[in-house]
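Single-letter residue listing:
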Amino acid sequence: MTRPQVELLFWDGCPSHPQALEELRAAMIAVGLDPDAVAVREVGTDGAAEGERFVGSPTIRVDGADVVPPGDDEPVGLTCRVYRLRDGRYSPTPDPADLREALETAMTRSTA
Amino acid sequence: MTTIAVGAAAPPFDLPDTDGTRHSLGGEGAPAAPATVVVFTCNHCPYALAWHDRLVAVAADYADRDVRTLFINSNDAERYPRDSFEAMRDRVRGDGGWAVPYLRDEDQSVARAYGALTTPDVFVIAPDGAVAYRGAPDGDHGDPGQDAAWLRDALDAVLEGRPVDRDETKPVGCSIKWKP
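As they're listed, the protein sequences go chains A and B. Counting from 1, position 57 in the first sequence corresponds to residue 188 in the numbering used here; the numbering is continuous, with no gaps. Counting from 1, position 32 in the second sequence corresponds to residue 111 in the numbering used here; the numbering is continuous, with no gaps.
With the rest of the complex left out, here is chain A (with noise of 0.2 Å):
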């Protein structure tokens, strides 16, 4: 089976990285990755937000695919993310399921 390959990107403006890596490592784990194999990448200028397409922090991609993916609209910019949980509220990180979820289709995905 081919591990996806996962990405937290994060700017430091904003205090929710570290929440969001933890959650992603347990999803990781939770599907049976290894947590360490995360990459986690700092988006610091205008300039590489506009290069990475990053519309805010944290953006958490697997397969270079957005677990929640933004609107065609969605501003390319350093700033918090605003995520939604499956719940409505609103939330800084995405929701944990909408982790898993993300993960295990990019695992049935390499392994078909």
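Please note that a few of the clues may not be correct.
[Unchecked claim] The list that follows gives simulated cross-link-like pairs (lysine to aspartate or glutamate, EDC-like), each with its CA atoms no further than 20 Å apart:
#1 B:Lys258 to A:Asp177
#2 B:Lys249 to A:Asp143
#3 B:Lys258 to A:Asp165
Don't read these hints as lab results, they were simulated from the structure. Nothing here was measured: the structure is a model prediction, and the numbers come from that model.
Dock chain B against the given chain A, drawing on the hints supplied.
Chain B only, in chain A's frame:
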């Protein structure tokens, strides 16, 4: 930048809300209140959004005791257009109006005077004009059950004329977006 200390006089201000009505604190002609809650907040921050309903609920719950609540958005709208005055108006309109005035601090002078750091950043001001509490609404943005307990405790103390037990907590949220 220094944050205004608990016990110090709250800086006066006079700012427009999304309807164009001006709201002032301190200074001549400003309305007196047994307590005033000033919240630096914004449109684009997940922490501000997560705590928003709890803060509005506090305003509603204490309104019959004449507590004033004012929300202030000081963020740089050039780099963060979602925090423009127009976007603020759209948000309030989209919600069918707010019970709390949403003020625009265009030149960021009020946020600087208070030393506001994050959205949200909450200040409770006693009737003598001194800051009685500064910090987060409660201990967890992700737990609505906390019900802005730190803010409510501070308000209860001020309304009863006693010192606030926990008068300062660490504000948690997105940094205020300063103009270059």
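Okay, the hints, checked on the actual structure:
Restraint check for lysine 258 of chain B and aspartate 177 of chain A: satisfied, since their Cα atoms lie roughly 15 Å apart, inside the 20 Å limit. For a cut-off of 20 Å, the pair hint linking lysine 249 of chain B to aspartate 143 of chain A stands: about 18 Å separates their Cα positions. Note on lysine 258 of chain B and aspartate 165 of chain A: the hinted pairing is violated, with a Cα-Cα distance of about 42 Å set against a maximum of 20 Å.
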